[in-house]
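All chains, full assembly: derive it from the sequences and hints.
Read in order, the letters of the sequence shown are residues 2 to 180 in this note's numbering.
Using C-beta positions, here's what the derived DEER-type ranges look like: (1) 17 / 95: 39 to 49 Å; (2) 46 / 140: 36 to 46 Å; (3) 139 / 95: 31 to 41 Å; (4) 143 / 105: 35 to 45 Å; (5) 158 / 71: 20 to 30 Å; (6) 157 / 19: 14 to 24 Å; (7) 143 / 86: 40 to 50 Å; (8) 116 / 71: 17 to 27 Å; (9) 139 / 105: 37 to 47 Å; (10) 64 / 101: 11 to 21 Å.
By construction, these hints were calculated from the structure, which means they are not laboratory data. Note that the structure is predicted; figures quoted are calculated from it, not measured. Don't be surprised by glycine CBs; every beta carbon is placed ideally from N, CA and C.
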Amino acid sequence: MITGRVRLSTPSGPAPGPELEIVHLLRAVVVELGLHSARFAQLHGMHPTDVRALIALMDARRAGEEMSVGRLGGVLGLNSAGTTALVDRLERAGHVRRVRGAGDRRKVVAEVEDSAVALGRAFFGPLIERSAELLRGYDAHQLAAVRDFLDGVRTAAAEAGDTAPGGGSQRDPRHRTPR
Numbered sequence: 002m003i004t005g006r007v008r009l010s011t012p013s014g015p016a017p018g019p020e021l022e023i024v025h026l027l028r029a030v031v032v033e034l035g036l037h038s039a040r041f042a043q044l045h046g047m048h049p050t051d052v053r054a055l056i057a058l059m060d061a062r063r064a065g066e067e068m069s070v071g072r073l074g075g076v077l078g079l080n081s082a083g084t085t086a087l088v089d090r091l092e093r094a095g096h097v098r099r100v101r102g103a104g105d106r107r108k109v110v111a112e113v114e115d116s117a118v119a120l121g122r123a124f125f126g127p128l129i130e131r132s133a134e135l136l137r138g139y140d141a142h143q144l145a146a147v148r149d150f151l152d153g154v155r156t157a158a159a160e161a162g163d164t165a166p167g168g169g170s171q172r173d174p175r176h177r178t179p180r
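So this is what it looks like as structure tokens:
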């Protein structure tokens, strides 16, 4: 595993401008977060997609939204069979449950179990708290700039996925990570 500081210079010359330094640092953060998530998945006998599904379900819960099984599949870019296998696996592990939709009883909704939330909080909580602690050092203007930058990058990544060669993304365009 590679850890440590990001090399900000290129083999052919000096370090790029501050904008590219930040983009490269963001890429390094994404890699480290992916590795952290993969450790959680491995520790708990999960596939990385299982972890992404639990995150999507927790985001929906936090936003007070229902997440249909079909929408979950769209968010994760899975077909119907893959989504069914995923939800079956998470249900057998006791991490999610299927319930009927509140507004439309024909709709099957996936809900994250409290035990899965607690499991995630135990593993990811220290990282989340450390990140929040770092943000407490910023004023309202700086926080707004960080929020706008990250939201812009997230939007750009979603749009890039939607226009990627090979047919684009299957993600549900209605799913946006709540602020």
